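Number of protein chains: 2
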Amino acid sequence: MSTSISSLTPYFIVKNARVAIDFYGRAFGAEELFRMTDPRDGRIGHAELKIGESTVMIADEYPDFGALSPDTIGGSPVTFHLATLAVDADLARAVDAGAVALRAAADQGYGERVAMVVDPFGHRWMLSQKIEDVALEEMQRRWNEQTGA
Amino acid sequence: MSTSISSLTPYFIVKNARVAIDFYGRAFGAEELFRMTDPRDGRIGHAELKIGESTVMIADEYPDFGALSPDTIGGSPVTFHLATLAVDADLARAVDAGAVALRAAADQGYGERVAMVVDPFGHRWMLSQKIEDVALEEMQRRWNEQTGA
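These protein sequence lines map, in sequence, to chains Z and W. First residue of the first sequence? That's 1 in the working numbering, and the numbers climb one at a time after it. First residue of the second sequence? That's 1001 in the working numbering, and the numbers climb one at a time after it.
Please keep in mind that the hints were generated in silico from the structure rather than gathered at the bench. Keep in mind that a hint or two might mislead.
[Unchecked claim] The following label-pair restraints were derived from C-beta to C-beta distances:
no., chain 1, residue 1, chain 2, residue 2, range
1, Z, 137, W, 1022, 21 to 29 Å
2, W, 1144, Z, 108, 30 to 38 Å
3, Z, 32, W, 1138, 14 to 22 Å
4, W, 1098, Z, 144, 27 to 35 Å
Here the structure is a predicted model, which is why all the values come from computation and not from measurement. All C-beta atoms in this analysis are idealised placements derived from N, C-alpha and C, irrespective of residue type, glycine included.
Pulled out of the complex, with its shape left as it was, chain Z reads as follows (with noise of 0.2 Å):
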């Protein structure tokens, strides 16, 4: 039995929505390309963003339907794996914004090198350029070489 499901687009939650697209523009040069506002409050109830060639959606809180940021669970189980061609340079202008890295870049065995950040609102970016060319069959077998398995 298929499903009628055509595409998956990640929505996340942040604390002050407003200034949090201000950050993934200067961040991941992520675009805006609508929101809509909460005529009581002026919270974004949802928004659209482009970063590279993906959509993502973004709202503030509203715990009512159980929409709550990283600050308010106490971290996330989603990272956003990011695919760029230049990594040390859009690290370093992630930082720049106000980012904090949990991770240096480096080369890893399964042929990219990767960084990781955490924002100021509590998501992580996985930042990763690749940079060689490694089969499946390959990756496995320097990882079980590497754990001496």
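Once you've looked at the hints, dock chain W against the given chain Z.
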């Protein structure tokens, strides 16, 4: 200054990724593209799934790297928005597979019929079917009207 970022892919953590991948296949038609298995203990260190035309990354918990599931953190500040052509059927399928409906399918003023579920691993999914073309100004006008603003 522009970035070199080309795309964003959500990377999400679960407890027992092997069981979760099977669940996502039954619930949302997710197709496994590949997986890397930890030679030390059989955890899935990285796997990629296709849902509709979108790719997502999934792994087991790696607490040493801050990779924690919703069970451990106590929720998620990210919802996965699924565009579907048949929200009622796809909601029924997800619930059959073991998801719990948080909101029944209902028509929304912004032109979509929307339902929300939480899966057995603590991640939230929004199923959304477009039912009407609504211009942005009209969306905002309806919201203002609803709230008496």
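Against the structure shown, which of the earlier numbered hints fail to hold, in ascending order?
2
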